[in-house]
Amino acid sequence: MNSEYMYKDEKYNNAVKDIKAALLDIIVIENNKLAALEEQITTEVNEEKKQKLKEQQKKESEVLDKTLENINTLIKNIEVLDSINKEFTDITENRLGKVIEQTEDEDIKIAFEKAMANIEESQQQLSTDIKEDIEKSDFIQEEKEKIEEDINTISEGPLINKEEIKNPDDVEEKITEEEKSKEQVELVPELESVNRQLDLIKEQEDSIKDNKDLNSLEKTVELLTFKKITKKVTKAILVRQDQLQKLAASRKKQKALVEAKGAFAGYKYMEDVQTTIDNVLENEQEVEQQLMNQTGLTNEYSMDKERQIEDLMVKANIYYSEGETDKAQELYEQISRLNSEIGKENVKEKVITNKN
Amino acid sequence: MDMEEKEMIQIIDYDGLKTEVELVTYLNSDDDKRQYIVYTKGEIKGETGDQVIYISRFINEDGVLKLEEIEDDAEWVDVQHLLKKIANAVD
Numbered sequence: 008m009n010s011e012y013m014y015k016d017e018k019y020n021n022a023v024k025d026i027k028a029a030l031l032d033i034i035v036i037e038n039n040k041l042a043a044l045e046e047q048i049t050t051e052v053n054e055e056k057k058q059k060l061k062e063q064q065k066k067e068s069e070v071l072d073k074t075l076e077n078i079n080t081l082i083k084n085i086e087v088l089d090s091i092n093k094e095f096t097d098i099t100e101n102r103l104g105k106v107i108e109q110t111e112d113e114d115i116k117i118a119f120e121k122a123m124a125n126i127e128e129s130q131q132q133l134s135t136d137i138k139e140d141i142e143k144s145d146f147i148q149e150e151k152e153k154i155e156e157d158i159n160t161i162s163e164g165p166l167i168n169k170e171e172i173k174n175p176d177d178v179e180e181k182i183t184e185e186e187k188s189k190e191q192v193e194l195v196p197e198l199e200s201v202n203r204q205l206d207l208i209k210e211q212e213d214s215i216k217d218n219k220d221l222n223s224l225e226k227t228v229e230l231l232t233f234k235k236i237t238k239k240v241t242k243a244i245l246v247r248q249d250q251l252q253k254l255a256a257s258r259k260k261q262k263a264l265v266e267a268k269g270a271f272a273g274y275k276y277m278e279d280v281q282t283t284i285d286n287v288l289e290n291e292q293e294v295e296q297q298l299m300n301q302t303g304l305t306n307e308y309s310m311d312k313e314r315q316i317e318d319l320m321v322k323a324n325i326y327y328s329e330g331e332t333d334k335a336q337e338l339y340e341q342i343s344r345l346n347s348e349i350g351k352e353n354v355k356e357k358v359i360t361n362k363n
Numbered sequence: 011m012d013m014e015e016k017e018m019i020q021i022i023d024y025d026g027l028k029t030e031v032e033l034v035t036y037l038n039s040d041d042d043k044r045q046y047i048v049y050t051k052g053e054i055k056g057e058t059g060d061q062v063i064y065i066s067r068f069i070n071e072d073g074v075l076k077l078e079e080i081e082d083d084a085e086w087v088d089v090q091h092l093l094k095k096i097a098n099a100v101d
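Residue numbers (the working numbering), protein chains in the order written: chain A, 8 to 363; chain B, 11 to 101.
Because the hints were derived from the structure by calculation, they are not lab data.
Every value quoted in this text rests on a predicted model; they were computed, and no experiment measured them.
Treat the hints with caution; some may be incorrect.
Claimed, not checked - Using 35 Å as the maximum straight-line C-alpha spacing, the simulated DSBU-like pairs for lysine-lysine come out as follows: (1) K57/A to K16/B; (2) K61/A to K322/A; (3) K260/A to K28/B; (4) K94/B to K83/A; (5) K116/A to K51/B; (6) K322/A to K28/B; (7) K51/B to K138/A; (8) K253/A to K28/B; (9) K95/B to K242/A; (10) K73/A to K242/A; (11) K235/A to K312/A; (12) K65/A to K18/A; (13) K24/A to K334/A; (14) K73/A to K153/A; (15) K65/A to K334/A; (16) K312/A to K51/B; (17) K322/A to K51/B; (18) K24/A to K93/A; (19) K234/A to K94/B; (20) K93/A to K234/A; (21) K260/A to K312/A.
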């Protein structure tokens with residue numbers, strides 16, 4: 008589970024947080040522009056000027072809607088990239104990586120290195136595409152530069168101890184001969200499972216090369232999984248095709264409403280990969296706990312706050328799009344307070360007046 | 011469903027069997043306390059081409075999405091009401 012792994016590279020973790028904060032800032036700036044326009048409209052007595060300001064307000068509102076959409080996509084893609092990075096680190100530094108270094112089977116080593124190289128290539132491609140999206144966006148130059156710098160940091164990944172891993176003497180766990188041969192037997196099927204996941208990533212990479220559609224990458228990686236907890240029969244009904252179309256058309260909005268209720272908070276995709284890898288090493292959770300205790304970097308408090316911020320952002324966006332600017336304003340203020348609590352001082356105060 | 015982009019989800023049944031199905035939409039109860047998924051397996055019935063859709067309630071337990079089945083009659087009435095509101099909306 009990603010949230011349990013401690014990453015030694017604080018610069019990387021800060022880059023991820025900073026990007027999200029910068030994107031939130033952009034929303035705040037756009038909101039402030041709208042607020043300023045609203046104030047001008049309210050105080051303007053000349054009807055002709057007032058009308059022009061209203062037209063400008065309408066355009067700014069459309070810009071904000073587009074910006075929100077772009078930012079939501081960017082945040083999701085950054086989270087995908089972050090997750091791939093952490094899986095990569097997880098595999099190389101904490102789990103299979105250590106066992107691979109100890110194996111004498113060259114074929115396994117070669118297959119593993121090839122698989123890791125594929126992941127690296129996917130990471131690079133995703134980073135490039137994210138940077139291009141930012142470059143093409145309407146964000147102000149200052150914000151673009153800040154975000155691009157953080158993207159570069161994330162692209163390098165949190166791997167800073169590759170040299171240490173290459174030297175088996177530095178590995179803390181002493182693996183006995185018996186455990187080694189047992190792990191090698193278990194390694195091949197587990198490597199197959201990892202390779203399946205990596206093939207999936209390779210397909211996504213090809214998809215990126217074909218049409219650069221990052222949304223399709225996200226969807227392929229995130230196949231939402233639900234587990235039935237009873238054997239009871241599922242309720243079913245018949246609908247006409249036109250009714251089905253309307254239900255399907257409602258999906259995005261309904262998903263946003265459901266997300267705003269926190270229905271997907273902490274959802275872990277790629278859980279199957281984790282479960283498979285979990286079976287490879289014995290006493291894995293104990294090792295993890297030791298690492299957590301040694302580094303003292305559990306950071307759960309900060310990650311809970313970040314999840315809260317993300318949930319609040321979704322709700323605020325929904326309120327704003329439905330014209331409930333007062334409620335959106337309250338949530339933006341809450342987001343600002345949470346950001347300050349986890350050490351970010353660059354989220355500005357915002358004022359939003361009624362959209363109309 | 012052709013007009014909207016398809017979204018597939020995975021359902022793991024009680025015995026561990028995994029199935030990919032097509033997600034139609036989500037429902038949120040009027041009191042905001044319950045959330046549902048609506049999905050289809052592509053089953054068409056009858057001459058009019060009506061399609062079967064399935065509805066289950068889902069909860070999030072420690073990041074794992076779990077499906078519970080609707081058993082209460084009152085709840086089922088509410089869910090059908092939610093579906094009708096969307097499915098019969100005037101364009």
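Hint-by-hint comparison with the structure:
For the proposed pair K57/A and K16/B, the alpha carbon gap of about 45 Å is over 35 Å, so the pair is violated. Pair hint K61/A plus K322/A holds up; C-alpha atoms about 26 Å apart against a cutoff of 35 Å. The suggested pairing of K260/A with K28/B holds, with an alpha-carbon distance near 27 Å, which does not exceed 35 Å. For the suggested pair K94/B and K83/A, the alpha carbons sit about 32 Å apart, so the restraint of at most 35 Å is met.
For the hint linking K116/A to K51/B, the alpha-carbon distance of about 42 Å lies beyond 35 Å, and the restraint is violated. Taking the CA atoms of K322/A and K28/B, the gap is about 32 Å. The hint holds against a cut of 35 Å. A C-alpha spacing of about 38 Å is found between K51/B and K138/A, which places the hinted pair above 35 Å, so the restraint is violated. Distance hint between K253/A and K28/B is fulfilled; the C-alpha atoms sit about 28 Å from each other, no more than 35 Å.
Taking the CA atoms of K95/B and K242/A, the gap is about 18 Å. The hint holds against a cut of 35 Å. With a C-alpha separation of about 38 Å, the suggested pair K73/A and K242/A falls outside the 35 Å cut-off, and the hint is violated. For the hint pairing K235/A with K312/A, the CA-to-CA distance comes to about 30 Å; that is within 35 Å, so the pair holds. As the CA atoms of K65/A and K18/A are separated by approximately 40 Å, the hinted pair breaks the 35 Å bound.
Taking the CA atoms of K24/A and K334/A, the gap is about 25 Å. The hint holds against a cut of 35 Å. For the suggested pair K73/A and K153/A, the alpha carbons sit about 21 Å apart, so the restraint of at most 35 Å is met. At most 35 Å may separate the alpha-carbon atoms for a hinted pair to count; K65/A and K334/A meet this at roughly 21 Å. About 38 Å separates the Cα atoms of K312/A and K51/B, which puts this hinted pair outside 35 Å; it is violated.
As the CA atoms of K322/A and K51/B are separated by approximately 31 Å, the hinted pair is consistent with the 35 Å bound. Annotation: proposed proximity of K24/A to K93/A holds, straight-line Cα distance about 15 Å (limit 35 Å). A distance of roughly 26 Å separates the Cα atoms of K234/A and K94/B; the hinted pair therefore holds under the 35 Å criterion. Among the hinted pairs, K93/A with K234/A is consistent with the structure: their alpha-carbon atoms are about 25 Å apart, no more than 35 Å.
As the CA atoms of K260/A and K312/A are separated by approximately 25 Å, the hinted pair is consistent with the 35 Å bound.
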